[in-house]
Structures are given as structure tokens and as C-alpha cells.
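S.K.: Residue numbers (this note's numbering), protein chains in the order written: chain L, 21 to 175; chain W, 3 to 187.
Worth flagging that the hints you see were computed from the coordinates, not collected in a lab.
Just so you know, these numbers come straight off a predicted model, no measurement behind them.
Hints may be right or wrong, so weigh each one.
Dumping the calculated SDA-like pairs for lysine to any residue here, alpha-carbon to alpha-carbon at most 25 Å [what the hints assert, rightly or not]:
1. Lys42(W) <-> Glu61(L)
2. Lys165(L) <-> Asp144(W)
3. Lys171(L) <-> Asp76(W)
4. Lys168(W) <-> Thr59(W)
5. Lys172(L) <-> Lys42(W)
6. Lys47(W) <-> Glu61(L)
7. Lys80(L) <-> Glu157(W)
8. Lys118(W) <-> Glu157(L)
9. Lys76(L) <-> Ser176(W)
10. Lys47(W) <-> Leu121(L)
11. Lys47(W) <-> Arg123(L)
12. Lys171(L) <-> Val46(W)
13. Lys42(W) <-> Gln152(L)
14. Lys76(L) <-> Ser166(W)
15. Lys65(L) <-> Lys168(W)
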Amino acid sequence: MSKFSKGKKKPSPAISTASLPDIVFMLLFFFMVVTKLRDSELMVKVATPFATQLTKLEDKSLVNYLYIGRPVEKYKATYGTKPRLQLSDKFANINEIPIFLERFRVKIPEAQRTKITTSLRVDGQVTMGIVQDVKTELRKANQLKINYSAKKKPE
Amino acid sequence: MAKKNSRDRMSNEINAGSMADIAFLLLIFFLVTTTIVEDKGITVKLPPWSEEDPDITKLKSRNVFAVLVNAQNDLLVRGEVMDITMLREKTKEFIVNPTKREDLSERPTKAIITLKNDRGTNYETYVNVYNELKAAYDELWDEMCLRKYGVKYSEDLPLAWRKSIKDEIPMVLSEAEPTNFGEEK
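Only chain L is shown next, with the shape it has when bound in the complex (with noise of 0.2 Å):
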């Protein structure tokens, strides 16, 4: 009488893998996109402070890096405990960040060498004096788009 056959039961079909790969890959992509690789080890602490009014870096191939914190635990014998800046994989001097502008410059075509950005990945607990003298050198070496790396504050 009934249309549904109930106790019949049809013997259930292997799931096909065959679109494994296919999501495999998505995710590959996912991840090769949206991840950076790390192209210098950090030789300072860099824990950056907590802030509101953030603005996200759209595009990374215009952006560098200049990190200023105290060393880090195995150099601390070496360079001591003040705030060190690091310039790509070693610690520099103020007086060297115009060379280090300048090669990161020539890399990126013509027209868009204005819309270079500095990301001033700086530690909290470090003072004002190695940031201002930073700063200054930048103005001189006409890199005037900076941003102060910051976390979003936890509401």
C-alpha cells in the first residue's frame, strides 16, 4: 500500500575521493595566500602595544620592516640590554637606514615608489629616544608613510 518501501535496504555506494585533490588544493591556496614567509629571524623582543584605530596594509610587496626592541635572551651578552633596530636579519645603526630604503626602493617599479609604506614594528616597553632618532632619519630620507604596528585592542 505504502509508496515509501521501508525495510529494503540498497547497499550504500563508497564515497568517491576522486575530489580530494580538488580540496586539497583549495585549501594550498588558501594558505600560500593568505601567509607571509618570514623572511628575517627576529634577534629583539618585539611585542608590539594594544591600539583602536588600526588600518590594515593592503599590499605587502610595498611594505618594509624595521623592528626596534631590546635583544633577544642569546645576544644579550654581546649587544646588551638598550633597544637595538634590526634592519632585515642584523642589528644596525640609524645611520644605515637610507641605504636599506633605497635597496628596498629600487626593487619596486617606478610608479608605485610613492605608495611605499615603513612598518615600525616596535616594542612597547621601549623608550621614545631610538624611535624619535628612527623617525628623524626617515624624514631625511624622504620615507614619510610610516605605520606603527599595533595589536587590536580585546574589547
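The hints should help you fit chain W onto chain L, whose structure is shown.
M.R.: Below, chain W alone, put in the same frame as chain L:
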């Protein structure tokens, strides 16, 4: 004869079963070697460098909102000690001057905020102060944009809208050369 048949290329297919393994291998490689860096921060435009001292234009003291931060991370705003939690509201009141007080800015276009810190000031404090000052402007822009266009202010709005708002409330934040009392030895 049969051998030739098995080498018929039209009917041979490449086995794609190991594709998943290759993809997994790549995926795990990227998962391990990469770190998601949060690229966020407060964007600032520095003034161009000039050798000569800035010319001290005579400003009416009512139009200047001086914020000083010392080496002990204390705030002095217009000669009074202030807690950082009050800074945002006070700044907004100074810029807009809703009650037309004599000692606050004449007009938002004339308001100037100066920030001066010490070489011994904590960077964290400096960023917090800068954040509050920027937040004051951001909130004012938001309010004005809601009034005029019914949407919150953002960088995605048409250029003409953004310009009309920034013409009425321009962000003027000048940073003075820091004092040097508390520089760490």
C-alpha cells in the same frame, strides 16, 4: 599484436590517485614554514624634513591643544594633569567646541593639536596617546559623515565626500622635537 594494443595511448590514462598526496605534502610544507603576520597599525604621514627651524607662526592660545608626555608617562594637557581615559572626550570637545566657550578652538579648521614627548617616554604610552588623538578625529568624522551622508566614514567613500568632511574638520597634529630628561643610560 596484443602488446601493441596495450600501448594504445588513446585508452591509457594517468593515475591521478597520488595527486592528493602531493597536494597534502605541499599543504603541510606551507603550514609549517609560514606565520600569519598581523599587518595592522596606525598609519602616520611624517612631515618632510627641512634643515631650518620651523617658523613660529603666532597662534592664538585658544586654538592650540598642547599634549605633553613626560618620562614617567604622565600626561599634561593644556597645563593640567590628565588621565588618558579622558583625553579622547576632551580632544573632541576642544575641536568642535559645542558650547562656544572662549578657551576652546574658534572653529574645527583652526584647531591645532601639538604632541610633545620625552626621549624617556614609553613607546606604548606614546602609541596610546596618539591612538586617542586619532580616535577623536575618527569619531568626529564618523558623526559628521552620518549626519551628511547617512553612512560612517571610511576610506571606501567617494573622494568628494571624504574631501568635504576633511575640509571641515582637518586633522592637524604636529609633533614637536622631544625633550631629553629621562633618556635611559
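S.K.: Which numbered hints are broken by the structure, listed smallest first?
M.R.: Failing hints, ascending: 6 and 15.
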